[in-house]
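Chains as they are written, first to last, in the working numbering: chain A, 70 to 456; chain B, 1095 to 1392.
FYI, nobody ran anything at the bench for these hints, they're computed from the structure. All values reported here derive from a predicted model rather than from experimental measurement. Positions of the beta carbon are idealized from the N, C-alpha and C atoms, including for glycine. Any given hint could be a false lead.
[Claimed, not checked] Using C-beta positions, here's what the derived DEER-type ranges look like:
no., chain 1, residue 1, chain 2, residue 2, range
1, A, Glu270, B, Ile1383, 50 to 58 Å
2, B, Arg1210, A, Glu270, 40 to 48 Å
3, A, Gln136, B, Leu1252, 17 to 25 Å
4, B, Ala1223, A, Arg286, 52 to 60 Å
5, B, Leu1212, A, Asp168, 37 to 45 Å
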Amino acid sequence: MPVGVSREVEDLRLVNLTKQFGDSTAVDGISITIPAGSFFALLGASGCGKTTTLRMVAGLEDPSAGQIFIGEKDITQLRAFQRPVNTVFQSYALFPHLDIYENVAFGLRRRGIKDVDLQVKRMLDLVELSALARRKPSQLSGGQQQRVAVARALINQPDVLLLDEPLGALDLKLRRQMQIELKRIQSEVGTTFVHVTHDQEEAMTMADTVAVMNAGRIEQLGHPADVYETPHTIFVANFLGQSNLIAGEKLSSGEVVEVRAHGLGFKIPAKRNVAPGSHVVVGVRPEKMTVLDAHDEHKLPVGHNRIFGVVTDVSYTGVSTQYLVQTPWDQTIIAFEQNSIVGDRSSVGDQVVLGWAPEHTFGLDPAEGVTSGIHEGVSALESDPEA
Amino acid sequence: MAPVMPAIANTPNIAEVSQRKSRVAYWLLIPGLAWLAFFFVVPLVTLFMTSLQTESTTSPGKYVPGFQLSNYTDAISEYWPQFLRSFLYAGLATGFALLIAYPLAYFIAFKAGNWRSLMLVLVVAPSFASFLLRTYAWKTILADDGAVTSTLNSMHLLPDGRILNTGIAVVAGLTYNFLPFMVLPLYAALDKVDYRLIEAGNDLYGSPQQVFRKVTWPLSMPGVVAGTLLTFIPAAGDFINAELLGSTKDKMIGNVIQTNFIEFRDYPTASALSFALMAVILVMVLSYIRRSGTEDLV
């Protein structure tokens, strides 16, 4: 049963939104439309401007330029308490002097609603905390506090719910559980959720639209699978998951673009190539590759792209095995292989061939440099939830 | 395993060690307890004994040990106006100090930025001059021919045409002298208030006034309680401000106690008044703390 929204929810629209702190630009002219009722994730490394964007939508930070609309209504000049927007804060920011019931009732009471009991109880049911209504926040576990923070925001039936790294303080297992919980709540209430996170896996599992932010701008926006399968910038290719990137020169255009690099030819479907000029960075995700002994090259389907090299490291990770392969031009290529093959795996020192379908290849503009986003991507992967 | 055994046997057992440790903790208490015993408990008992003494029948003016409870009733029935005035002045001074100190402490805690330390030093700085000296300075500031009085007079704001030697001057002096004791605990409490809670209050439809009433104020309650107590208690027993800034009609209970001790040498009455003052303040403080419910706060 949907708990809240009976009225029409409207799109959230940011127009050329900009925020400067002194000389540095935290958010650099963002223009996006977030459709009503969607689960939208702003993904980026710390300092990329995602939290500042969120705080501007909440009204806790004044934009230096640009506008914020909900539907046709310009809310840029409204103060935080006048906006139909609520936030789940990173640290939850529960009121320590009020019990759970009063924390949840806070927003309703501030708007002068006298009879809050029914709504508060229904909200506490939704987040499964009815039994703890009279506890103080300090008596609750992290996961419970997080659910109170969600309930306290959602009870107001905001047009937009903002979530600022809401799962950052939870341990991994609880985080997975809360991800599912939040998705369930979102589908029940139908409110637009804007979720800020540096955890790419979280963004991809939860959101129907992901926007990857870098240095105050949105690098790419789309369905998580599309963004992952077809990154449009080197930053996205490296930040969202891992990519093997090889710089080359375009030989021919047409339905299929042919690129030559280090004496090898690579094919990319033209619609997957975003490089405007003749310099093209050929990209492929590690799990798209097949690892074969060099003698078995003939087993690769005709027309597949291929790279030869020597295995320098094999790591068995349970579900898959990760190979590091050194190419003749001294680049290390990463390949994942599902542990479903029967027989021997390649081992360190083996001459191997890596093959993959042209449809799994993407072409990028080398302007940024091939390491863009690598450091951030790695730090996001390894980030400690306690940090 | 076997060779390890003798080593274990040689070390004193754990219970013994922890017992010795807790004994050390008690030894550490001794200097403090001794101080309290000599300089608080003994004088308090002496004071109480003195408050019950009777005048000697053989040599008038001398007092002998006794159990004269009428010392209390006589003292209170004679000096109740000064008693009431003490609590009135101390209450007013505490109220004004809170009104002045709260915005100041709020500013230092949330808005002062790099100026924070300097402002805190400035709050405490007047205390480097002696209490007496500062009160004398107020005599000059509030003097009949001074700038403050003449300005207020030109606006016809003073009913008596003067400030010095009125209750206003006494309350002003008390407010000024005890202000740092109000500012510092308030600052400490406000500094602990997480600014994100105020943001959360704004986010949840609280106007700035509502957020102050429902979030900031309750969270600063420990500071309010500490500050009002640290101001009210010494202000209620103070005699210097009333002595220097007030007239004979503005005397507080501190002045009466001082006069009885030093001038009249009526030790039982002075002691009885002191003891009664302490008792009344103690009762007031306890009921105040209970009513403001601070035990509940973080």
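Broken hints, by number: 3
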